[in-house]
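Go by the hints and put chains B, C and D onto chain A.
Protein chains in written order, with numbering that gives the first Met the number 0: chain A, 0 to 390; chain B, 0 to 263; chain C, 0 to 292; chain D, 0 to 296.
These are computed hints drawn from the structure, not numbers from a lab. All C-beta atoms, glycine included, are put in the ideal place defined by N, C-alpha and C. Treat the hints loosely; a few may be bogus.
As the list claims (entries may be wrong) - Lysine-lysine pairs mimicking DSBU-like chemistry, simulated, CA-CA at most 30 Å apart:
| id | chain 1 | residue 1 | chain 2 | residue 2 |
| --- | --- | --- | --- | --- |
| 1 | D | 51 | D | 107 |
| 2 | C | 30 | B | 60 |
| 3 | D | 174 | B | 137 |
| 4 | A | 121 | A | 59 |
| 5 | A | 330 | A | 121 |
| 6 | B | 129 | B | 114 |
| 7 | D | 288 | B | 153 |
| 8 | D | 84 | C | 180 |
| 9 | D | 84 | A | 121 |
| 10 | D | 84 | C | 30 |
| 11 | C | 180 | C | 162 |
| 12 | D | 174 | C | 93 |
| 13 | C | 30 | D | 174 |
| 14 | A | 172 | A | 196 |
| 15 | A | 121 | D | 292 |
| 16 | A | 171 | D | 107 |
| 17 | C | 164 | C | 90 |
| 18 | D | 292 | B | 153 |
| 19 | D | 84 | C | 90 |
| 20 | D | 288 | A | 31 |
| 21 | A | 340 | D | 122 |
| 22 | B | 153 | C | 93 |
| 23 | B | 139 | D | 107 |
| 24 | A | 172 | D | 107 |
| 25 | A | 340 | D | 120 |
| 26 | A | 171 | A | 252 |
| 27 | D | 288 | A | 121 |
| 28 | D | 292 | B | 60 |
| 29 | B | 129 | D | 174 |
Stated by the list, open to error - Simulated restraints on C-beta separations:
| id | chain 1 | residue 1 | chain 2 | residue 2 | range |
| --- | --- | --- | --- | --- | --- |
| 30 | D | 285 | B | 245 | 52 to 62 Å |
| 31 | B | 70 | C | 259 | 57 to 67 Å |
| 32 | A | 267 | C | 181 | 52 to 62 Å |
| 33 | C | 259 | D | 157 | 30 to 40 Å |
Chain by chain, the residues:
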Amino acid sequence: MKKLLTCLLVLVLAFSLFASGAEEKSNDGPIKIGSIMDLTGGASNMGRPHSWGVEYAIKKVNEAGGINGRQIELYTQDCKNDITEGLNAYHKLVDEIGVCAIIGPALSNPASAWVDLSAEDKIPIVGHFMDEVCTTNPDTGAVYPYMFLAEPSCSVQSYDMAAYALAELGLKKYAVLYNPSNAFAKAHAEPFIAYVKENGGEVTAVETMGWADRDYSAQAIKITNSGAEAVFLCDYLAQNLISYDALRDAGFKGAILGANTLAPPLADQVKNDVYDVYFLQNYDMLNPNVGIINELVFSEMAATGTESPQCNVGFAWDAVQVLVEAMKKAKDPTDGEEVAKLLEQTTGVLLSSGDTISIDPATHRPNNMGMYIATYDENHNMVICGREDIY
Amino acid sequence: MEKCDNKNLILSCKDLCMNFGGVKAVDNLNMDVPEGITIGIIGPNGAGKTTIYNVFSRIYKQTSGTVSFNGQCVDAMDQVSVARMGLARTFQNIRLFAGLSVLDNVKVSLDYAGKYTIAEAVFHLPRRRKEERRIADKAKETLKLLNLDSYSDKMAISLPYGLQKMVEIARALVTEPKLLMLDEPAAGLNPEEVLQLVDFLKEIKNLYPGLSILVIEHRMDLVMNLCDYIYVQNFGETIAKGTPSEIQTNPTVLAAYLGEEDNE
Amino acid sequence: MFLQLLFNGISLGAVYALIAVGFAIVFSVLKFSNFAHGGMISICAYIGFFFQKTVKPTPPIWVTILFTSLCGIVMSLFLDRIVYASIRRNKSPKNYYFLSSLTISIIITAILNVFFSKNPLAYPMLFSSTTFNVGNIRISRMDTMILIVSVVLLVLLIFLIDKTKVGLAMRAVSIDPETSKLMGINSNFIILMTFSLAGILAGVSGVLLGCKYGVFPDLGQSMMIKGFIASVIGGLGSLGGAIAAAFLLGIIEMFWTYVMGSLSTPVMTFVVMLLFLFIRPQGISGRFAKEKV
Amino acid sequence: MNNYQLGLIMNSCISVIEVVSVFIITSLAGMFSLGQAAFMTISAYLTFVLAKMLHLPIILTAAIGLGMSGLCAYIIAVPTLRLRKDYFTLITMGFGEMMASIVVMLEKYTKGSIGFSSIPKVKSIFWIIVATTIAVIFFAWQLKRSRFGRMCIALKTDETAAKSFGIDVYHLKIKVYVIASCISGLAGILYGLKNRVITPDGFSWNLSAEMQIFLFFGGTNSLTGAVISAFGLKLLPEMLRNLTLFGVNMQEYRTVIYCLLILLVINFRPEGMLGDKEMSPSRMVRAMKRRLKREKS
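One chain only, chain A, in its complex shape (with noise of 0.2 Å):
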């Protein structure tokens, strides 16, 4: 038994003597700010756009002349959509390369593990896991002081659209088809719910799938029958496409309401034709003359041979404009606690959208930031066609 214990000492020995130590945190040569996103695993086809913007943004600044004349050094590590794997990711730039601020990933869930560790470690994360969970606890309603978030989150995008469609399109019956194991959906799912449910509507029915279901005509069937008006989709692209043509077959007419998931490629890869789709949009991404969203969503389709525009280079962007103005101001950029108490005072930074975002220090997260709503035309190019502000 000895032997054995010898042989594991020595592996963990030989492992940490190869490992480099972490640097100290200079206060005049570059700044080191870690960028975490998901480049491998499920949701890659947005950390991918994700990861691109946040490069792209970081140049952007240090052409620009960086923050107060010091450039900024960006890591990128790949958190694969996954708990360990962004603990990991952290650890790595926090300890090892000592980064002292982070942009965080698209989705939430391992953004939920840094929750503490980021006040611990003194290390300001600004991202975009719209899930309240990570920026305010949810037993206690306490907001986590170094996690911010520069998006309107779940709630409130459901929110902007279910508002629209009970006052714009003054439908009174919903349905909601989800699949309840993805963070993401279920995150946008409920507030849609509860809303309508506050304000009027009437939802008659909440159907459900899983990951390893393809085939959604129960459940399409199931609605068409409830009598619904219109249905809210909000999962990733691949399950939108399966549930849109699903409902169209099951011969449902109604309109078919979605989160920023219904955006483009969906219009072309529907076998039904497209009519009555609304969906949130971030931004107004084909207007040229609105803010620079048109110019870094083409920028990115250039380099990386995308072929529709992805929304989340525009919040990749936005989130470093947020952490870099923060940083500015502060005296010393790379203590963490000062630009934590800079961050909750954001006001005025002008975005990607052409608009500006004022952070509430109270639950940091955007609390002036409103939704367009977006449908398709004829002949399935993207329309604004509305904007909401309900936060």
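Leaving out everything else, chains B, C and D in the frame of chain A:
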């Protein structure tokens, strides 16, 4: 069978039949195995000899008839409980445990009766150490008795064929069973190894006087000078039984083995 | 309503049948469940998609299916050569098949994720309008096509297995590979034959699933578990059983989702599998499952 | 040793515990289970959900969690072990799939896919994990050398022969499976304590497959092989995190490299790195001496 009456019967079966579909592997066999007696079962291949073993050791449930072991009826028992009552056997093709050394192979047959629980085993408590030493000593003693102890640490399957046969017998003997069933122990051995085996079995008979042995074998030299009593099976039927000398002169046995004379 | 659900259940069953038979064929001859079948389906879906897109006069769908089946055969044989052949050669235990097929399926998904992690791709439109009505049942053209193709394919397969000499040899090898070798059946050829059939099935189901559900990296994986359970319920290794079980599973799942919602479907499938394994361990029409001495 | 390296060592230790539990099931008793991640889910969720809802100390609810894992293992094993070996694998796989959806169904308590994050912070979690790992290795080492280990190896190689030596194969297999599943549950609890967030797809079907692959890679019958391969293979993706080959950051290809490595072993060293040998320092020294003697002669 008068010779056996004075000793109690270890194993006896009445009108034992075992058929697979139409084939009568065993056709109402009546056999009594008294204590300390070596009985040989001979007969051409496919006469159902191994099936008899499989029924005795309860691997198969017989179609009809009864089997009793040590005076107790075992028809309803399963293989494990009969083995625990003291019935040990070897197999036609060697089935030593590949992953274990010779010593461990022999220890395995003592293990089921080990007097310590998993908890004691895992936390290395004194009862486990004491029990392990007892098992180890018993196994080493049996191996020394059969002068196989020099091979204890070698992997069982790395030994030459003849030695593996002896280890398999040693593994069966270590729990001092009441009945040892040998299934063609001499199969695949060269003549010199057969002689070694005969001495080995004779040695066992002196060391374990109370042990009764059943042997299935084709080598007549081994059967004739080892067994006290012989059953001859042919197509599942017992065509003859008696002492070796009676069997050698019995006409039906000769016919079954050497084929009919032309003149009949 | 009942008829509509029944029809949808049957068309779902057809999809499961294609996958379950892919498992059953390999299991019947080689006694292991080929988890890599899911990965093969995903690759074939991508091959079919790019074939359909790149070939300028867009070919009719059955040409794509033909081409993808050929690629399926090539890949299947290649897979057998690099992975399973060595296991057969050194007679390693059955677990090695499980493990290597698991590793292959993980590799395939990882590679597809690296290259095609962009948004899902969709086969161009096959039919002008997606559904037509028969009485009050809305039948989707895609489902009917899948139903027809899979029924035709399965009938051909069963015909091949039961009636032809090759089929007889395959059944012999599946019962006892050693003796059939002695009888002069060239086992290697039969194994190649089995894997090519599995390749064809992967190709066909790849294209059909791609058309119906869109093409994305873990298309094959996600359907694999259901197809696998169908092949178990059908009796490991029996084609007829696998097909019957697949349709049964499709219909039960359709009604169960309608009545109880889809959350509890995996629980239901597991319970159905348990029930079958205890009431009829050898499955709907498989051989007896107890270990022989 | 900064937190990053401590975190990696903790991950590897948890992976070692998982692989030891699979070692006991597959290498010792010859059963092939593809659902061990389900027991991690049961123990982890029961421990932390009960601890939060009933405000009980973690130690108590951890015992309940492990007990529940053992009970579920018993319920699965009793009916299934009579059937053919393949069926045991299929049932455990089905059980794994079912457990993930049960957690999502009970989302009122387990918060479903959002992940259960109200797990208290435990001081010196690193030493707890390392100590438990060493205890589990000691546990498996003693089990293998005790009579139970011998009986398991006997029944693994030849069940009929084992039965004819009085080994009650059926009940021993059940006992071994229940104990191994409790160890898997323990790994689940430690995973929860370390990450402080548990999600249903954290303990997925791939994790069960990964445990089997690690064991297989280390050596089908060698405990030291299994421990070293679990420790090493869990570190490998992290090592590849900052390696750049031919100018391409290996981060994206980690899974591919990792699986190719395993395929190489399957083809060219079927019995795993260490096969049956229990590598230990004294044995290595002896082997060295033998080799020196051979070179001299």
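Hints, one by one, checked against the model:
1. D:51 with D:107: holds (13 Å)
2. C:30 with B:60: Distance ~29 Å between residue 30 of chain C and residue 60 of chain B Cα, so the pair holds.
3. D:174 with B:137: Distance ~27 Å between residue 174 of chain D and residue 137 of chain B Cα, so the pair holds.
4. A:121 with A:59: The given pair, whose Cα atoms are some 26 Å apart, holds under the 30 Å limit.
5. A:330 with A:121: holds (16 Å)
6. B:129 with B:114: Status holds; Cα separation ~10 Å.
7. D:288 with B:153: Roughly 19 Å between the alpha carbons, so the hint for residue 288 of chain D and residue 153 of chain B holds.
8. D:84 with C:180: holds (25 Å)
9. D:84 with A:121: Violated. Residue 84 of chain D to residue 121 of chain A sits at ~53 Å, over the 30 Å cutoff.
10. D:84 with C:30: holds (12 Å)
11. C:180 with C:162: Distance of about 21 Å is within 30 Å: holds.
12. D:174 with C:93: holds (24 Å)
13. C:30 with D:174: Judged against 30 Å, a Cα distance of about 28 Å means the pair holds.
14. A:172 with A:196: Holds, at about 10 Å.
15. A:121 with D:292: violated (60 Å)
16. A:171 with D:107: holds (28 Å)
17. C:164 with C:90: holds (27 Å)
18. D:292 with B:153: Roughly 21 Å separates the two Cα atoms, so the pair holds.
19. D:84 with C:90: Given pair residue 84 of chain D, residue 90 of chain C holds - Cα atoms ~18 Å apart, limit 30 Å.
20. D:288 with A:31: This hinted pair is violated, its Cα atoms lying about 52 Å apart.
21. A:340 with D:122: Holds, at about 28 Å.
22. B:153 with C:93: holds (28 Å)
23. B:139 with D:107: With Cα atoms ~62 Å apart, residue 139 of chain B and residue 107 of chain D exceed 30 Å; violated.
24. A:172 with D:107: This hinted pair holds, its Cα atoms lying about 26 Å apart.
25. A:340 with D:120: holds (25 Å)
26. A:171 with A:252: Roughly 15 Å between the alpha carbons, so the hint for residue 171 of chain A and residue 252 of chain A holds.
27. D:288 with A:121: violated (55 Å)
28. D:292 with B:60: violated (57 Å)
29. B:129 with D:174: Since the Cα atoms of residue 129 of chain B and residue 174 of chain D sit roughly 23 Å apart, the hinted pair holds (cutoff 30 Å).
30. D:285 with B:245: 52 to 62 Å: At 59 Å between Cβs, range holds.
31. B:70 with C:259: 57 to 67 Å: Taking Cβ atoms as reference, residue 70 of chain B and residue 259 of chain C lie about 60 Å apart, which means the hint holds.
32. A:267 with C:181: 52 to 62 Å: holds (59 Å)
33. C:259 with D:157: 30 to 40 Å: Given a distance of about 46 Å, which is not inside 30 to 40 Å, the answer is violated.
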